[in-house]
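Chemist: Chains as they are written, first to last, in the working numbering: chain A, 16 to 190; chain B, 147 to 302.
One or more of the hints may lead you astray.
[Unchecked claim] Listed next, the in silico EDC-like pairs over lysine to aspartate or glutamate satisfying Cα-Cα at most 20 Å (straight line):
#1 244(B) / 294(B)
#2 244(B) / 100(A)
#3 244(B) / 271(B)
#4 244(B) / 164(A)
#5 244(B) / 262(B)
#6 244(B) / 233(B)
#7 244(B) / 257(B)
#8 244(B) / 274(B)
#9 244(B) / 26(A)
#10 244(B) / 31(A)
#11 244(B) / 179(B)
#12 222(B) / 233(B)
Hint data in this document are derived by calculation from the structure and do not stem from the laboratory. It should be emphasised that the depicted structure is a prediction, and the values quoted were computed from it without experimental measurement.
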Amino acid sequence: MSPLPLDASAEIRRIEECHPIQRRVWRVQRIGWLGMALFVLAALLGLMGRGGPLAEAETTTPDGALRIRYERMQRLGSPTTLRIEARAGAVEEGAIALQLDRAFLRDWRLRPGVPVPIAAAAGPDGLLLRFRAAPDALHVAAVLEMTPERAFMIARPEIAVGDGPPARLLILVWP
Amino acid sequence: METVLRAIAIYLVLLVVFRLAGRRTLRELTAFDFVLLLLVGEATQQALLADDFSVTNAVIAIVTLIGLDVAMSMLKQRASLVERLIDGVPTILVADGKPLRDRMRMARVDDQDVLERARALQGLERMDQIRFAVLEPGGDITIIPQPEGRGGAGRG
């Protein structure tokens with residue numbers, strides 16, 4: 016029922032006729048507020064990357080030779096850290112050889128962390144990095160900084176020790 | 147190319163977020179609103195320019211944003227539905243001295259807001275002296291007073 020008095024002017028009546036549109040706008044607004052709240056919640060949970068319980072992930076190779084910690088949710092142009100830990104059994108000739116698949120060269124910009132690799136070579140299979148192992152060390156650690164250069168990407172890059180079975184990462188890159 | 151895409155993305159995000167926030171959000175800027183607006187600008191700037199601080203990049207971003215705004219105004223001029231969706235439509239909040247409570251609640255306007263505008267615009271003191279109060283698309287409240295001889299007689 017119209018709340019307008021009977022003698023309301025034509026202009027006021029025209030404004031009142033638009034009211035259903037405004038009601039719809041208000042409804043959309045409320046849904047939008049809920050969407051914004053969920054967005055903030057998702058960011059707090061780490062679904063947008065950079066901290067939060069869901070932002071980081073860990074994976075291992077099937078033989079357990081490598082344990083890799085990485086950021087599952089990444090952002091275009093924002094550096095993230097890839098931490099690789101190799102079992103001492105993976106050491107050959109005082110070093111470990113990590114095979115990173117081509118996606119790392121294609122979709123990320125890589126920078127060495129500490130320790131620095133003693134050798135790096137890019138081939139058709141991707142990137143081969145060698146890290147020196149400390150004598151008698153139980154584990155060999157390697158740290159790489161990786162910065163995504165493509166957005167809206169769900170990537171499953173692989174890392175292996177030499178020719179061993181690879182570990183598959185699952186990374187989503189936000190714009 | 148990247149700067150143009152970034153500018154378009156940010157323009158659309160800001161358009162949607164501010165539209166969802168509603169028209170009263172930044173209607174009358176308080177000092178805090180002003181600081182908030184500066185923070186939004188600051189947060190946006192990095193995403194807009196990334197790590198390229200050249201004049202060329204800034205010019206591309208500025209021209210894209212202004213161009214989008216011109217295009218949007220032309221679109222709104224030609225398609226009234228788009229204009230209504232983006233700018234909203236006027237809403238009657240008070241009819242014949244009676245506040246329409248459900249609308250005021252949805253629009254986040256209270257009696258004090260209406261009476262403040264009634265005092266400022268028409269020198270009115272009470273709700274029953276207002277014939278219509280309309281929340282305009284820009285977020286302003288306009289007041290149409292009761293005709294002479296009507297309204298307020300009972301409570302004068």
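Chemist: Each hint needs a verdict: does it hold in this structure or not?
Modeler: Against the structure, the hints come out as follows:
1. This hinted pair checks out: residue 244(B) and residue 294(B) have alpha carbons roughly 18 Å apart, not beyond 20 Å.
2. For the hint linking residue 244(B) to residue 100(A), the alpha-carbon distance of about 72 Å lies beyond 20 Å, and the restraint is violated.
3. Taking the CA atoms of residue 244(B) and residue 271(B), the gap is near 14 Å; set against the 20 Å cutoff, the hint holds.
4. Restraint check: the Cα-Cα separation between residue 244(B) and residue 164(A) comes to about 59 Å, which exceeds 20 Å; the hinted pair is violated.
5. The suggested pairing of residue 244(B) with residue 262(B) holds, with an alpha-carbon distance near 16 Å, which does not exceed 20 Å.
6. Simply put, residue 244(B) and residue 233(B) have alpha-carbon atoms about 26 Å apart, too far for the 20 Å limit, and the pair is violated.
7. Our distance criterion of 20 Å between C-alpha atoms is met by residue 244(B) and residue 257(B), whose separation comes to about 10 Å.
8. Between the alpha carbons of residue 244(B) and residue 274(B) the distance comes to roughly 7 Å, so the proposed pair stays at or under 20 Å and holds.
9. Proposed proximity of residue 244(B) and residue 26(A) is supported: the alpha carbons are some 19 Å apart, at most 20 Å.
10. For a cut-off of 20 Å, the pair hint linking residue 244(B) to residue 31(A) stands: about 15 Å separates their Cα positions.
11. Under the criterion of a C-alpha separation no larger than 20 Å, the hint pairing residue 244(B) with residue 179(B) is inconsistent with the structure, at around 31 Å.
12. Our distance criterion of 20 Å between C-alpha atoms is met by residue 222(B) and residue 233(B), whose separation comes to about 9 Å.
Hints 2, 4, 6 and 11 from the list above are not met by this structure, while the remaining hints are.
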